[in-house]
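**Q** First to last, the sequence lines map onto chains S and A. Position one of the first sequence corresponds to residue 48 (the numbering used here), numbered consecutively onward. Position one of the second sequence corresponds to residue 2 (the numbering used here), numbered consecutively onward.
Treat the hints as calculated values from the structure; they're not laboratory data. What you are looking at is a predicted structure, and each value in this text was computed from that prediction instead of being measured. It is possible that part of the hints are untrue.
Stated by the list, open to error - Far from chain A by the CB rule (all over 12 Å, computed), these chain S residues:
id, residue
1, I59
2, F153
3, I207
4, S230
5, N252
6, R258
Claimed, not checked - Restraint ranges, calculated between C-beta atoms of paired labels, are given here:
id, chain 1, residue 1, chain 2, residue 2, range
7, S, A338, A, V358, 36 to 42 Å
8, S, M245, A, F342, 32 to 38 Å
9, S, M245, A, R38, 55 to 61 Å
10, S, M120, A, R38, 42 to 48 Å
11, A, N247, S, Y155, 28 to 34 Å
Ideal Cβ placement from N, Cα and C applies to all residues, glycine included.
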Amino acid sequence: MIFLASYSPSEIWSILVMQGFAGLSLFSVLLLMALGLAIIFGQMGVVNLAHGEFMALGAYVVYLCSQVVQDHMPAMAPYYFVVAIVIAFFVAGFVGMFVEWSMIRFLYRRPLDTLLATWGLSLVMQQAFRSIFGAREVTPTLPEWLMGSFKPTPDIDIPINGVFVMALSLLLTASLALFMFKSRTGLRIRATVQNRQMSGAVGINTGLVDRLTFALGCGIAGVAGAAFTTIGSTGPDSGQRYIVDTFLVVVFGGTASMLGTIASAFGIAQGQSISEFFMEGTMGKVATLMAIVVILMLRPQGLFASKVRT
Amino acid sequence: MKKVYKHLFGGTEGAIGIALLALLLALVLPASLDIFRLNLVGKYVSYAFVAVGLVMLWGNAGVLSLGQGIFFGLGGYCMAMFLKLEASDPISTKIQSTPGIPDFMDWNQITHLPAFWMPFKSLPFTVFAVFFFPALLAYVLGTAMFKRRVGGVYFAVITQAVALIVSLGIDGNQGYTGGRNGITDLRTLLGWDIRTKSAQYILYYVAVALLIGCIVLGRTVLSTRMGRVLLAMRDREDRLRFSGYNVANFKIFVFALAAMMSAVGGALFVLQVGFISPSLVGIVPSIEMVIFAAVGGKLSLLGAVYGTLLVNTAKSLFSESFPQLWLFLMGGLFIAVVMLFPTGLAGIYGSARKFIVRLSTKWRGRSETMIPSATVVPTELVNMEGE
Chain S
48 MIFLASYSPS
58 EIWSILVMQG
68 FAGLSLFSVL
78 LLMALGLAII
88 FGQMGVVNLA
98 HGEFMALGAY
108 VVYLCSQVVQ
118 DHMPAMAPYY
128 FVVAIVIAFF
138 VAGFVGMFVE
148 WSMIRFLYRR
158 PLDTLLATWG
168 LSLVMQQAFR
178 SIFGAREVTP
188 TLPEWLMGSF
198 KPTPDIDIPI
208 NGVFVMALSL
218 LLTASLALFM
228 FKSRTGLRIR
238 ATVQNRQMSG
248 AVGINTGLVD
258 RLTFALGCGI
268 AGVAGAAFTT
278 IGSTGPDSGQ
288 RYIVDTFLVV
298 VFGGTASMLG
308 TIASAFGIAQ
318 GQSISEFFME
328 GTMGKVATLM
338 AIVVILMLRP
348 QGLFASKVRT
Chain A
2 MKKVYKHLFG
12 GTEGAIGIAL
22 LALLLALVLP
32 ASLDIFRLNL
42 VGKYVSYAFV
52 AVGLVMLWGN
62 AGVLSLGQGI
72 FFGLGGYCMA
82 MFLKLEASDP
92 ISTKIQSTPG
102 IPDFMDWNQI
112 THLPAFWMPF
122 KSLPFTVFAV
132 FFFPALLAYV
142 LGTAMFKRRV
152 GGVYFAVITQ
162 AVALIVSLGI
172 DGNQGYTGGR
182 NGITDLRTLL
192 GWDIRTKSAQ
202 YILYYVAVAL
212 LIGCIVLGRT
222 VLSTRMGRVL
232 LAMRDREDRL
242 RFSGYNVANF
252 KIFVFALAAM
262 MSAVGGALFV
272 LQVGFISPSL
282 VGIVPSIEMV
292 IFAAVGGKLS
302 LLGAVYGTLL
312 VNTAKSLFSE
322 SFPQLWLFLM
332 GGLFIAVVML
342 FPTGLAGIYG
352 SARKFIVRLS
362 TKWRGRSETM
372 IPSATVVPTE
382 LVNMEGE
């Protein structure tokens, strides 16, 4: 901590604020990534290794929208992004629904095989992205209002896209919680997770619920991918970079617990941004991942154990 | 004597299978391929060790590890460290600012050999390390997880995370591990040039012999009562636990065994191909090795070898001529194997064989004969990970 001595108190304050913001921003990124998986893996128990590719799909949808808007209706350029996110949700959701119908539904009783099949799916999707959009990373043209940064004081510099991602992840978490705990469909989803046979007996179409749940998770992944276009470019293998982090967030939080997912995303994000402040980039990440794995070995059920009987 | 024969090779049937594989690898392929292609086959043979280990671990014990690349890499790195130290003697590295240490250390301003490299100056220690460290890591990971009853997909996800950690860790410490490029430019083993044609032939045969040895070892383990316990563990772990077996210890044993097999493969890979890099350790190679075993049939030790050879041949053919198609094909292979052929090549062979036997018995007008149970792939396999 000696090197901090060379800064003035106000500068240290600014560093703390910006560092804290970096952690919060990483938190919202991780939370966005993990929300969809928390539903698919946490609730349904399906290991979807193609989850990252659904995020990339959402990102590519935004890219396509930005191209279309640029070519045909430049007047819409400032507003298209919001619409594009909604489109990304539906496109990823529909692809997810198709995948569930054609593949996943045959594999519910074989979790390890689902893992391999969805890995295969992720390879196919990656190559499809590469064939359609090319191997180079793409960036959509972002509306003006997402660029630049706040400057509350001369030293503090907070990027607007970070604030946007944060707001979106909070909004999404809140609406997901509302959906799961207050709506009829959410009730059906929770009922099916807790006791499939009983839910079927009281007249819930569990097959349909599974399809909707999977589609919802994929749709949320699409939104996450769409949001990530504001902070980075998208390539065919972007999805693969996210997948381990995403799974660790969900497993670390304790599956079947949304609160756990939020808490673990927060913990991992703060841990990683602090360790990256002191170490080189990759080693900071290695240290964080290692800490998570060690904690998981000591406490395999994750931070928040589920009370659901399986 | 007969009992030993049955245990080692699985009876006549099994012995024929092994003999055919040995014939293919030791005579047919060397006779029909030039040394460049044979060296490629040698590379695939070293992957086959991992696949054989996975048949033990995944097919028979029901534990899917997505981190076998770690052990392959550990074995490979142990071997590569020894070869690299031999290749960087003070005379051939005299242009460096510190002669006598590996070139990548010199590039990273390291002026003396790190302590953990020291023991790798000795070949006996290296050979010991190839077996010991992977087994130790498997023991530690296995104890931590199996004792707490972490299994199934959680185990798979965590081993995948460990594979990521290990590959990132190697990647990020260039001065000590060679970083992303890995350890390259390996030349001699105790003064014997491993890059010559004759050395490549010899190393290929060593790899084939050890692979056959691994298969026989696997057969032996599976034919004992231990093998029964492993199968029972895969199908109904809870019942086995209630019967008083310590399930975790069996899992740890088979995990460590598979790790050692993978490590031997890694060491042979380095000897034949002449380098190792973190790209062979991470998530992608680890999961690709699972598909080798799956294509061959996750229950069949021999099938795993054929699966490895087939997938890799397809890979090198396709990535030479249609690189865009390869990922589609590979992805499709994962999906098809899981959804359509859960028993892989061995399963197809098994049902074809059953069909022929039935035809021939019909033709001879005899009543149905029993097929030796060792070759029949159980039909319940489809539901084996049920619950």
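**Q** Beyond 12 Å from every chain A Cβ: check whether that's true for N252(S).
**A** holds, 23 Å
**Q** So the hint says 36 to 42 Å: do the beta-carbon atoms of A338(S) and V358(A) match that?
**A** violated, 57 Å
**Q** Assuming the hint says 28 to 34 Å, is it satisfied by the Cβ distance from N247(A) to Y155(S) or not?
**A** holds, 31 Å
**Q** Is I207(S) truly not at the interface, in the sense that its beta carbon sits beyond 12 Å from all beta carbons of chain A?
**A** holds, 31 Å
**Q** Can we confirm that no CB of chain A comes within 12 Å of the CB of S230(S)?
**A** Holds, because the least Cβ-Cβ distance between S230(S) and chain A comes to about 28 Å, which exceeds 12 Å.
**Q** Closest CB-CB distance from R258(S) to chain A, is it above 12 Å?
**A** R258(S) is indeed farther than 12 Å from all Cβ atoms of chain A, at 17 Å.
**Q** May I ask you to test the hint 55 to 61 Å on the CB atoms belonging to M245(S) and R38(A)?
**A** holds, 60 Å
**Q** Does the Cβ distance between M245(S) and F342(A) fall inside 32 to 38 Å?
**A** holds, 35 Å
**Q** Does the Cβ pair M120(S), R38(A) satisfy 42 to 48 Å?
**A** violated, 57 Å
**Q** Is the Cβ of I59(S) more than 12 Å away from each Cβ in chain A?
**A** Fine: 29 Å to the nearest Cβ keeps I59(S) off the interface.
**Q** Please confirm whether F153(S) is truly not at the interface, meaning its C-beta sits more than 12 Å away from all C-beta atoms of chain A.
**A** For F153(S), whose nearest Cβ neighbour in chain A is about 6 Å away, the distance does not exceed 12 Å, so it is violated.
Comparing the model with each numbered hint stated earlier shows that hints 2, 7 and 10 do not hold.
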